[in-house]
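S.K.: Take a look at the letters that make up each chain.
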Amino acid sequence: MKARFTITALVALLIFCAGYAALFIAPDEATMHAIQRIFYFHVASWNAMFCAFFVAFYASVAYLVTGKRKWDALGVSGVEVGVTCCTIGLITGPLWARPVWGIWWTWDAKLTSTFILWLLFIAYLLLRGLVEDPEKKASLSAVFAIFASLDIPLVYLANRLWRTQHPQPVIAGGDGSGLDPTMSKVLLLCLFAIFCVMILVLVDRYRLELLRNEAAELRYEIESRGLDATTDYAATPALQKGAQ
Amino acid sequence: MTTAKAAAIILAKELRLEFRTRELLTATVIFALVVVVLFSFAFDPTAAESRRYGPGLLWIAFLFAGSLMLNPSFAREQNNETLDALRMAPISSFAILLGKILANFIFMSLAELVLVPIFAVLYNLSLAGIVWRLILVLVLGTLGLTVTGTVFSAISAHARMRELLLPLLVLPLLTPLLIAAVESTASLFAEQPALDRTWLAFLAGFDIVFLTASWLLCDHLLEE
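Protein chains in written order, with the numbering used here: chain A, 1 to 244; chain B, 1 to 224.
Quick caveat, the hints were computed from the structure, so don't treat them as lab data. Don't take every hint at face value.
Across the chosen pairs, the derived CB separations fall in these ranges [unchecked claim]:
#1 B:D219 with A:I91: 35 to 41 Å
#2 B:L38 with A:E221: 51 to 57 Å
#3 B:P90 with A:A238: 33 to 39 Å
#4 B:P193 with A:G67: 48 to 54 Å
#5 B:P90 with A:T230: 44 to 50 Å
One-sided excerpt, in silico: chain B residues whose CB lies under 8 Å from chain A [said to hold, decoys possible]:
#6 T82
#7 A85
#8 R160
#9 M161
#10 L165
#11 L173
The structure displayed is predicted, hence computed values, not measured ones. All residues carry an ideal CB built from backbone N, CA and C; glycine is no exception.
Let's have the full structure, built from the sequences with the hints guiding it.
M.R.: So this is what it looks like as structure tokens:
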């Protein structure tokens, strides 16, 4: 408990530092000025999304190979956190685009493939909701997650392979790319901060899922003995004998 | 028994089943026709506009019709637990999947065979000189559609609301296919018909990737 609290406090401090750095320490960009500062969190949330979906992909493959429920729990955690990061990215993107490009949205390769990715993993969550049997739910969603993950490389490479409305890469993007050194440092800080938040939420969700599974198993155990899972048998002695 | 032979037997079974009643085939053709007609109300099909929007709406009609038609593929195996019976046969699960994919491919192709001439007539587009190239694009696109649709029919057969779930799962995944197919078809219907090699390669790549993924995951798809 103590460790969790310390880590959460540290990550909160990190985010505060990252926010401060993005808003005040990073230099002003030449053409876009203040609105460009959203870049630090826009890129950071995409990075977090890729990491979360990679975790989900790995967990899905691991579940299909080993059959252990903990991998399924990790898979759904990864997808949920990834969808959240994707939503943040899809909101910060248009917020940045409107003042700079004059349009909220366009159907170029990067934006379209990212939107599709978002829809695919939301479909994953819907699929889980609609399948009742836990084992079938786990294996079907693992298979679907693997298919949906085929879109991820497309999203990452979209603005490198095609000429898009979305800006060309600034990191390792070839000639003319590259960041101002201070901007690079602030970007790294923000990437790390958002990444830590993502990991924290992921681990919490994973623990929650494991607890839910355990609770469901216990409930099943109780009900299979003919007892009622909601009655407090310890408090009512009259009910304790011969509950069958 | 080899996978090919087993798949052929499953294919024969599916074809025999469908051609007894032909209800799925007729429903698919009529539904796609309705979609094509409805779209015509959205814009006035002058020659230039038909060339621009026609390929797009043709493929959307195929995708919608496909995602409805591909549902019964595995859904009807749930009724009398016939999927268990298939699994108990000494054949690989990929054979079952392949047989169903091929059957759906044939049904979808038959539907398209009826629809494309009707579409060309309704939207005043000429098919002269591009027939074989158009068939190539249709074959590659339909293959991608049926592979994905059959695989996800197997997934959604276990879920509630499977008629809604299948399009929800399949259509986002098929957007790259849709884009490639529409671009290829559009370049064929253009003033100077040309076969766009890049998009065609993309289509072929899509088919190969999804077929491989299905082969790798087929055991998990069909397990009970």
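S.K.: Each hint should be assessed against the structure and marked as holding or not.
M.R.: Hint check results:
1. At about 40 Å, the beta-carbon gap between B:D219 and A:I91 stays in the expected band of 35 to 41 Å.
2. Taken as a hint, the range 51 to 57 Å holds for the pair B:L38 and A:E221, whose Cβ atoms sit roughly 54 Å apart.
3. The beta-carbon spacing between B:P90 and A:A238, approximately 58 Å, falls outside the hinted interval of 33 to 39 Å.
4. Here the CB-CB span from B:P193 to A:G67 is close to 53 Å, well matched to the stated 48 to 54 Å.
5. Taking 44 to 50 Å as the suggested C-beta distance range, the pair B:P90 and A:T230 conforms, at roughly 48 Å.
6. Checking B:T82 against chain A: minimum C-beta separation of about 18 Å lies over 8 Å; hint violated.
7. With its C-beta approaching chain A no nearer than about 19 Å, B:A85 sits outside the 8 Å limit, and its interface hint is violated.
8. Interface hint status for B:R160: upheld, as the beta-carbon distance to the closest one in chain A is roughly 5 Å, under 8 Å.
9. A hinted interface residue such as B:M161 counts as satisfied when its beta carbon comes closer than 8 Å to some beta carbon of chain A; here the least separation is about 6 Å, so the hint holds.
10. At its closest, the beta carbon of B:L165 sits 6 Å from a beta carbon of chain A; the interface hint therefore holds under the 8 Å criterion.
11. Proximity of B:L173 to chain A holds as hinted, the smallest CB-CB distance being about 6 Å (cut-off 8 Å).
Checked against the numbered hints given earlier, the structure breaks hints 3, 6, 7 and satisfies all the rest.
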